[in-house]
Amino acid sequence: NAGVTQTPKFQVLKTGQSMTLQCAQDMNHEYMSWYRQDPGMGLRLIHYSVGAGITDQGEVPNGYNVSRSTTEDFPLRLLSAAPSQTSVYFCASRGFFNTEAFFGQGTRLTVV
Amino acid sequence: QQQVKQSPQSLIVQKGGISIINCAYENTAFDYFPWYQQFPGKGPALLIAIRPDVSEKKEGRFTISFNKSAKQFSLHIMDSQPGDSATYFCAASKRTNYGGSQGNLIFGKGTKLSVKP
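These protein sequence lines are chains A and B, in that order.
At position 14 of the first sequence (counting the first as 1) the number is 400 in our numbering, and the numbers step up by one without a gap.
At position 42 of the second sequence (counting the first as 1) the number is 1175 in our numbering, and the numbers step up by one without a gap.
Calculated from the structure, these hints are not laboratory results.
Yeah, the Cβ is synthetic: ideal placement off N, Cα and C, and Gly gets one too.
Heads up, some of the hints might be wrong.
Distance condition first, Cα-Cα at most 25 Å in a straight line; then the derived PhoX-like pairs of lysine-lysine [what the hints assert, rightly or not]:
no.: 1; chain 1: A; residue 1: Lys395; chain 2: B; residue 2: Lys1249
no.: 2; chain 1: B; residue 1: Lys1175; chain 2: B; residue 2: Lys1204
no.: 3; chain 1: B; residue 1: Lys1201; chain 2: A; residue 2: Lys395
no.: 4; chain 1: B; residue 1: Lys1201; chain 2: B; residue 2: Lys1175
no.: 5; chain 1: B; residue 1: Lys1227; chain 2: B; residue 2: Lys1148
no.: 6; chain 1: B; residue 1: Lys1138; chain 2: B; residue 2: Lys1227
Covered stretches of chain A (in silico footprint by chain B; criterion: 3 or more residues with CB under 8 Å from a CB of chain B, positions within the stretch not fixed) [as the list claims (entries may be wrong)]:
no.: 7; segment: 399–413
no.: 8; segment: 474–486
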């Protein structure tokens, strides 16, 4: 099993550009979420999904969109990148009846 | 409002010493308290977790102590090793009940641990 796979690992964007961060899991987990990690700020929840077709906002959702068309995939879209979105992004998944969340390796995004 | 407060921000310990990281939470509805370990360039990985019905849980050199009345929990790393050097996050979540916001993990800001040889 690959677990949670994120692509790309690194990305540089110009202000105003849009892009999609990909996340896929092969554990048939219902629950998926996106976090951003900034120095001294811990991990903050952006968006999450409890199943295909169901998404909701987390703590810091502005500037990001998500969709969940399949159980396996949960892409994160940056609509118009801003320097404040420079961060490391982590995708995580968990089964409904399990407590352990599995994280991907992260995507380091720089917006210039 | 920071729901999970973690301290210290950084910690330096000699090899063989005890590392102690503390967390405090606000919401009494939290009922699951994990610790995650993160190495540079990697995603966080579950280290150990506890429910509030026990006061201590031990797994090898790692122990969680939980004080429900004080709303505090801590991670103790006994016989700390250079390989334990990483960032540690405490977290909390409400009871998982068919998903929804109750399942989200709320993280502390992290503690960077350095174990000197």
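How the hints compare with the structure:
1. Lys395(A) to Lys1249(B): 30 Å, violated
2. Lys1175(B) to Lys1204(B): 30 Å, violated
3. Lys1201(B) to Lys395(A): Answer violated: Lys1201(B) to Lys395(A) is near 40 Å, above 25 Å.
4. Lys1201(B) to Lys1175(B): 32 Å, violated
5. Lys1227(B) to Lys1148(B): Measuring from Cα to Cα gives roughly 36 Å; hence the hint is violated.
6. Lys1138(B) to Lys1227(B): Since the Cα atoms of Lys1138(B) and Lys1227(B) sit roughly 16 Å apart, the hinted pair holds (cutoff 25 Å).
7. 399–413: n = 0 at 8 Å, threshold three: violated.
8. 474–486: Answer holds; 7 residues pass the 8 Å Cβ test.
Going through the hint list in order, the structure does not satisfy hints 1, 2, 3, 4, 5 and 7.
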